[in-house]
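Top line first, the protein sequences correspond to chains A and B. 62 is the number of the first residue of the first sequence in our numbering; add one for each residue after it. 536 is the number of the first residue of the second sequence in our numbering; add one for each residue after it.
Since the hints were made in silico from the structure, they are not lab data.
Facing chain A, according to a computed beta carbon distance under 8 angstroms, are these residues of chain B, among others:
#1 A550
#2 R602
#3 R603
#4 K606
#5 T612
#6 K613
#7 Y616
#8 P620
#9 K621
#10 G622
#11 V637
In this text, a Cβ means the ideal position worked out from N, Cα and C, and glycines have one as well.
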Amino acid sequence: MKHLLILGGGTGGTMMANKLAPVLDAREWQVTIVDNSEKHYYQPGFLLVPFGIYSMRDVVKPRRQYLPAGVKLVISSIDHIEADKNKVVLSDQSILPYDYLIIATGADIHPEQNEGLVDDEWRKSKFDFYTPEGADQLSKFLKGWEGGKLVVNPVEMPIKCPVAPLEFLFLADAYFTEKGIRDKVELRLVTPLSGAFTKPRASQVLGEFLERKKIEVTPDFGLARVDSKEKKLVAWDDIEIGYDLLVSVPTNMGDPCIGRSDLGNELNYVPTDKETLLAKGHDNIFVIGDATDLPSSKAGSVVHFQSEVLFENFLEHIEKRPMPAHFDGHTNCFIESGFGKGLLIDFNYETEPLPGEFPLPGIGPLSLLKESSMNHYGKLMFRWVYWNVLLRGLELPMGSAMSMAGKRV
Amino acid sequence: MGTINILGKQLAVDADGNLANRSDWNEDVARELAKQEGIPNLTSQHWTIINYMRKVSEKEGSAPSIRRLTKESGVDTKTLYQLFPKGPAKRAAKIAGLPKPVGCI
Ligand SMILES: Cc1cc2nc3c(=O)[nH]c(=O)nc-3n(C[C@H](O)[C@H](O)[C@H](O)COP(=O)(O)OP(=O)(O)OC[C@H]3O[C@@H](n4cnc5c(N)ncnc54)[C@H](O)[C@@H]3O)c2cc1C
Numbered sequence: 062m063k064h065l066l067i068l069g070g071g072t073g074g075t076m077m078a079n080k081l082a083p084v085l086d087a088r089e090w091q092v093t094i095v096d097n098s099e100k101h102y103y104q105p106g107f108l109l110v111p112f113g114i115y116s117m118r119d120v121v122k123p124r125r126q127y128l129p130a131g132v133k134l135v136i137s138s139i140d141h142i143e144a145d146k147n148k149v150v151l152s153d154q155s156i157l158p159y160d161y162l163i164i165a166t167g168a169d170i171h172p173e174q175n176e177g178l179v180d181d182e183w184r185k186s187k188f189d190f191y192t193p194e195g196a197d198q199l200s201k202f203l204k205g206w207e208g209g210k211l212v213v214n215p216v217e218m219p220i221k222c223p224v225a226p227l228e229f230l231f232l233a234d235a236y237f238t239e240k241g242i243r244d245k246v247e248l249r250l251v252t253p254l255s256g257a258f259t260k261p262r263a264s265q266v267l268g269e270f271l272e273r274k275k276i277e278v279t280p281d282f283g284l285a286r287v288d289s290k291e292k293k294l295v296a297w298d299d300i301e302i303g304y305d306l307l308v309s310v311p312t313n314m315g316d317p318c319i320g321r322s323d324l325g326n327e328l329n330y331v332p333t334d335k336e337t338l339l340a341k342g343h344d345n346i347f348v349i350g351d352a353t354d355l356p357s358s359k360a361g362s363v364v365h366f367q368s369e370v371l372f373e374n375f376l377e378h379i380e381k382r383p384m385p386a387h388f389d390g391h392t393n394c395f396i397e398s399g400f401g402k403g404l405l406i407d408f409n410y411e412t413e414p415l416p417g418e419f420p421l422p423g424i425g426p427l428s429l430l431k432e433s434s435m436n437h438y439g440k441l442m443f444r445w446v447y448w449n450v451l452l453r454g455l456e457l458p459m460g461s462a463m464s465m466a467g468k469r470v
Numbered sequence: 536m537g538t539i540n541i542l543g544k545q546l547a548v549d550a551d552g553n554l555a556n557r558s559d560w561n562e563d564v565a566r567e568l569a570k571q572e573g574i575p576n577l578t579s580q581h582w583t584i585i586n587y588m589r590k591v592s593e594k595e596g597s598a599p600s601i602r603r604l605t606k607e608s609g610v611d612t613k614t615l616y617q618l619f620p621k622g623p624a625k626r627a628a629k630i631a632g633l634p635k636p637v638g639c640i
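Please model the complete structure; the sequences and the hints are all you need to start from.
Written as structure tokens, this is what we have:
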């Protein structure tokens, strides 16, 4: 019996189990997936929880329900991987051997990486919305908040869903407007980037949105520490920004089990071949999603495009044939802009987001790099697509490679 | 793709304004690039960082992040910000004639 072991049963791990289990001969292969929790969260929904658009019940489902029959789910924390011995050690010291390993342990926030972020003011005047607890606590806090300075601060790049801090601000603008207290709230983005976003064309468009919505931007801000008493952010070059309510996106890192296995870089991301998705230097370890060190965005849509590449490559690689598929860095991202509207951007390693129609050239129905209500419905639809299409490993009406059709250069 | 004028020569740059060709770079070019970034003099500490970045980039194909700079160059974050104000990794990469560090998409 050969063992395929999948570490992490989130977006990428679940997709790969659903794609591979039906095609691998069950007499030859045992597929096992390890995760430390029975709960599968729809993370993009965390953005909408603070504003009461989704409740916590809307963003969680039982993990098992999304795994195919025949796949063994082990609920346990992974301690480390012994790559030279082809085995994984769980936190209770039990051992899972493997012939092939797929690492899909994702990324998480690490507020302890910054001085002064986690203390007795954490989740009182300083929140995150990247975890279920953070999103939930923030929604409770916002209900009673009467206004003041709201600062959104992504501490360090890369982060999951790099547009989420901007979306949070757009939605906050709409939320406080509808509550009738927008004039009592000052909104500010404090970012380590030189502008609203990293890609020039999108940065310009999004920058104009921020301006129109009266959201201030402090660029090039490298956070050194948070002073909870004085309620201010202090940068390495001593610039200070005061807040009443801090919404932080703390440093994102790969899981500590990657560090313990000596398989990660300085942020515990696994160095991964950007085309084949094999872990560099390991012929029987593939990596997918947020756990990779790839320069593509850390987003569910990226995981989906990678899953198609990984699927094709895996089936050839186990037969010792050359791997046919190449990942091009394709990313596709809905951006909520508030008041029932949204934008959509589509890009890859080489090509930045461009205006146009998607997925059908000249028709859409979605428009690229432009605000529309259709794009907002696209985002709301995404939750249904996530549970019913993406996780199940089914195809979307577009290929994994980015297409230039319908785009205006 | 644009160009910039360095020491009387037109050198090609990428969308971020960083040198497009590694072969266009030398220490005099670096001193000029530094001036354009508002750094009038490159000290030995600046050169430690610049040389470290070039070494990593040569070996791995891309410039290191600020976190890795702090960890491996022997210069702490506070000093890095004094040497290359605003964005040390971004700025040092530009002066070192390298593309902007990846990982910030
Ligand atoms: C606020 C927010 C908004 C977002 N918005 C969008 C969006 O609009 N569009 C989009 O495409 N993407 C969005 N994303 C990103 C998207 O959710 C992630 O990119 C995607 O879920 C990554 O999938 P993954 O499989 O790599 O990791 P995950 O889905 O995070 O799965 C990792 C799994 O590994 C498990 N695990 C990790 N370490 C261990 C261990 N040591 N032991 C046992 N189990 C372990 C975890 O429990 C988890 O279940 C958003 C994310 C956030 C936080």
